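Chains A and B are the protein sequences, given in the same order. Numbers 29 to 387, taken from this note's numbering, label the letters of the first sequence in order. Numbers 1395 to 1859, taken from this note's numbering, label the letters of the second sequence in order.
Keep in mind that the hints were calculated from the coordinates and are not lab data. Take the hints with a grain of salt, since some may be wrong.
As the list claims (entries may be wrong) - Think about it this way: if two alpha-carbon atoms lie no more than 25 angstroms apart in a straight line, the pair counts; the simulated PhoX-like pairs of lysine-lysine are: (1) K1831/B / K30/A; (2) K1440/B / K82/A; (3) K1538/B / K30/A; (4) K1419/B / K1538/B; (5) K142/A / K157/A; (6) K78/A / K1831/B; (7) K1737/B / K31/A; (8) K1693/B / K1737/B.
Unchecked claim - Which chain A residues face chain B? A few, computed with CB under 7 angstroms, are given here: (9) K31; (10) T33; (11) M48; (12) L50; (13) K101; (14) R183; (15) R346.
Note that the structure is predicted; figures quoted are calculated from it, not measured. A virtual CB, placed ideally from N, CA and C, is assigned to each residue, including glycine.
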Amino acid sequence: MKKLTLALLFALILAGGIAMFLGNTEVSLSERRQMTQWSDVADSKILNGKLMSKAEDAAMDQFPLRDTFRSVKANFLYRVMGQLDNNGIYIHEGSAAKLEYPLDELSVRNAINKIQNIQNTCLRGTRVKTYTCIIPDKNYYLAQELGYPVLDYGRMEEMLSEGLNMTSIDIYDLLSADAYYATDPHWDQADIVPVAEHLAQQMGVPFLLDDATVQDGGPFSGAYTGQSALTLAADKLSYWDGGILENCKAYDLSTGGEIPIYDFAGAQSNDPYNFFLGGAAPLQVIENPDCPNDRELIIFRDSFGSSIAPLLAGSYHRITLVDLRYVHSSILKQYIQFTDQDVLFLYSTLILNQSSALR
Amino acid sequence: MLFSSLIFLYAFLPLLILLYFAIPKGGRNLILLLFSLVFYAWGEPKYLVCILVSITIGYLAGLLIHRYRGRLMAKISMILATIATLGLLGYFKYADLLIRTVNGIAGSSIPLLRLALPIGISFYTFQILSYVIDVYRGKAEVQKNPINFGAYVVFFPQLIAGPIVRYLDIAEQLKTRRCSWDLAYSGAVRFLVGLGKKVLLANQLGALVQAFDSSVEASVLFAWLAMVAYMLQLYLDFSGYSDMAIGLGRIFGFEFPENFNYPFLSVSLTEFWRRWHMTLGTWFRDYVYIPLGGNRVSKGRWLINIAVVWGLTGLWHGAGWNFLLWGLIFGAALIGEKLWYHKFLERNRWFGHLYVLVVFLFTLVLFRANDLSGALTGFSAMFGLDGGPVYNAETLYHLRSNLILLLLSALACTPLPVRTLGWCEKGRLAPVVTVLKPVALAAILLLCTAFLVDGSFNPFLYFRF
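Generate coordinates for the entire structure from the input sequences, incorporating the hints supplied.
Okay, structure coming up:
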C-alpha cells in the first residue's frame, strides 16, 4: 500500500507539472484578466529575480483546472472552515457582495478636491446648476443587516456635504439589496426607475419613460461569479427600451463614432455590464431628438452611470457622460461647453472610497 | 523558492526525484548540491555568491584545521573562519542596527546600508560554524570532498529555515545512506502534514493577523485575537516547515533531528525551550553556554552565561533591541524558574500551561514588532490604552469568520490528531485507515494545490532569519 500511495502521489505531481508547463491560457473569463504565460517568463531577467517571480505567476495562472481548484478552495473555506468570505466576497441568500471598509477619509477628501477643481476651472462664471448624488454600494443594505463591517456612510455624506456647495440628492431609501445584481456590484437597471425619477424631480425636469418597456437581455453572470469562485445562479439582464428611447442615439466623443445604447456584443465580453453604453469610456453623449425640452445634463460618473443615463434620456435633449477615470479634468473644456446645463456628480461609495482612480 | 509553491511541488521536486533515483549513488550528492543551489538562487540570485563564499570559508578552514591539527595554525584557522562567517552574518544582519544605535546615541547621521538579508544566512552560518568547531574539537572528521561539504551546507530541505543540522548529524549519511520505500513513504507523509499545516492553517492565520494590521480602529479584542492567531501561525508555519524539511530529507535518505515537540504542552518556559526550535537551543547550549562554563561556575558567572546565551538567542531572531529584550526576558524567566518556582509549576500543571502560554504570547508582541516603540503600540492596543473600543463589528466579524480555523489550529498544536490516528491504525479501524490514508494524503496535496493556485500571500515567517 505504501508503494501504491507513493506512486499515486508522484503520478499526481508529475502529471500536474507537465500539464502546468503545457498550459497557454491567454485570458481568464472567470477572473476577467490576462494570464501570465510562459512566454512572458522567457522575456524576464534572472539576476534581478524577475524571471523567478514571473515563473511563479505563470505556474499559478497556467495550472491545469485552475477554475476548479479555485472553486475547491472557495468551497473549503466557505463551507468547511465556516469563513464568512472568500477574497473579501460574501454571499447572503444567493446575493454576493464584496466587503468595503473602512472609510478612507483621505480618498473622500481627494474626490472632493477633484470636484471642487472642476467647479473652479469649468463651471465658474457659468449658469450651470450643480448636484451631487452618492450611490450606496450593496453592502449598505446587505452587510449592515448581517452585522458585517461597513463604511461609515454617515461620515462620507457629512464630508461631501461640508466640502461641496451643491444640492445633494439622497437616494438611499429608494434602493434595497434586491435592486442590485446578485452576481455583480452594479445595480439592475430594471429596479432603478424610482432613482431616475427622483433625480429628474430634484433637477426640475419631467421624468419621461413613456411606453418604454423592460426587455430580457438573457442571463447575466457578473464580476462576483468569477471572483468568488463559488456557485452563484446567474442574474437576468433586463433593460428599458422602446417608447421615448426609440430614437435616442449615443456617441463616443473620443472616437466621434456612434455607439449602441445597449451593446449586445458587450454583454458577451469579459464584463457583461459593458452592455450599457459599451462599457467605460471617457466621454459619451446620448441625444434624444424627441425630448420635449432642450435641457442638457452633464453627468460626472463612474460605471453605475452607464445604466441610469438611458433612463434620464427621456428628460433631457442631450446627456453628456464624463468618466474622470479615463479623461483628465483639465481637457474637458475642449470637448464640453459649460453654459446652463444641469451638472450631476453621480458617484458610488466604492469610487469615493478609492478615488485615486479619478484624474 | 518555497516548498509551498507550485514550481517546487510540480517542477523542482518531481524532476529531482527522477534524477536522484535514476543516477548511480556516487553522483547523488552532486545532484543534491546542484539542485540546492538552484533552489537557493531561485529566491536570491544575487546572494548566491554570499553562500558560496561561506561554504568556501568553512571548507578551507576544515582542511587547514585537519592539516595543522595540534598546532597554533589550526586554532588560528578555526578563529579566522568563525570571525569570517560571523562577520558576514554581522555585516548583512546587524550593521544597520549598529548604525542606528550610534546615530541615536551620538546624534550622528551615518547613512544606513539597507542591505537585504540573504535568505537563510542565520541557519547556514550556524551549520558551518558547527562543522568548523567540531572538526577543531576532533569530534568530526574533516570533509575533504567539496561536493559533499557543499551538499551538507546548502541541502535545500533545511537550508532556508532549519532544522539546524550539525555536520556530526549527517556526516555518515553523506557517505552512506539508505533509501527505502518505507523511508520515502514516511517522508512523504511528514512532508504533506507540514504542507497542510503551512498552507491550510498558518497562511489563513496570517491573513487574520494582516487584517488586524490593516485595521484603522482595532479593538482590544481584535488585538488579543491577532496575537493568539500570530502565536498559532508562528508555530504552525515554523513546525510545518520543519516537518517538510524532515520529510524531504527522509525521501532522499537523510534523517534530520526533530525541531519541535508540541511546545504548547509545556508547564514551564524551561520545558518550552526544550520543545521549541530544539536545534537552535542545543546549538547555543553546545557552542556558547557550555564553553562559557554552563552552570559549573559561580552563581554570578552562571547568571551572566544565561544572559549572554539568551541575549544572543534573541538577537539571532532579529536585528533589533526588541529582540534582545525578548531573549533576555526568557533568560530572566528561566533563571527565576531554576531558582524559585520550577517545582511549583510542575506541581500545578494547569497553572504552568497557562503561565507558558501567556508569557509566550506577551513576548511575541516584542517579537513581531519592528522596534521597541512598535512593541509598546502593540501592548497599548491589547489593554485599550490607545483609546480603542473593547470590541467592534469588524472584530466580531473576524472572530466569527475564523473560529473554526482557530480551533483546528489549536488542535493541530497538540498530539491528539497523531495519537487518534495511531489508535485507529492499531484497532479495528486499521483496514479502513489503510484504505483511507492514501486518499487523505492525495486530498491534502490537492487541497493545498487549490490554495496555492488561488494564493498570493505565502511567506515563511522565519525567512527573515
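Evaluation of the provided hints:
1. K1831/B / K30/A: It holds: about 10 angstroms lies between the C-alpha atoms, which stays within 25 angstroms.
2. K1440/B / K82/A: Roughly 17 angstroms between the alpha carbons, so the hint for K1440/B and K82/A holds.
3. K1538/B / K30/A: At roughly 38 angstroms apart (the allowed maximum being 25 angstroms), K30/A and K1538/B break the hint.
4. K1419/B / K1538/B: Cα-Cα ~18 angstroms, so holds.
5. K142/A / K157/A: Cα-Cα ~18 angstroms, so holds.
6. K78/A / K1831/B: 39 angstroms, violated
7. K1737/B / K31/A: The hint is violated at about 49 angstroms.
8. K1693/B / K1737/B: 20 angstroms, holds
9. K31: 5 angstroms, holds
10. T33: Nearest chain B Cβ about 4 angstroms off; hint holds.
11. M48: At 5 angstroms from the nearest chain B Cβ, M48/A passes the 7 angstroms test, so the hint holds.
12. L50: Hint on L50/A: violated, closest Cβ of chain B at ~12 angstroms, above 7 angstroms.
13. K101: 4 angstroms, holds
14. R183: 12 angstroms, violated
15. R346: Given a least distance of 43 angstroms, the restraint on R346/A is violated.
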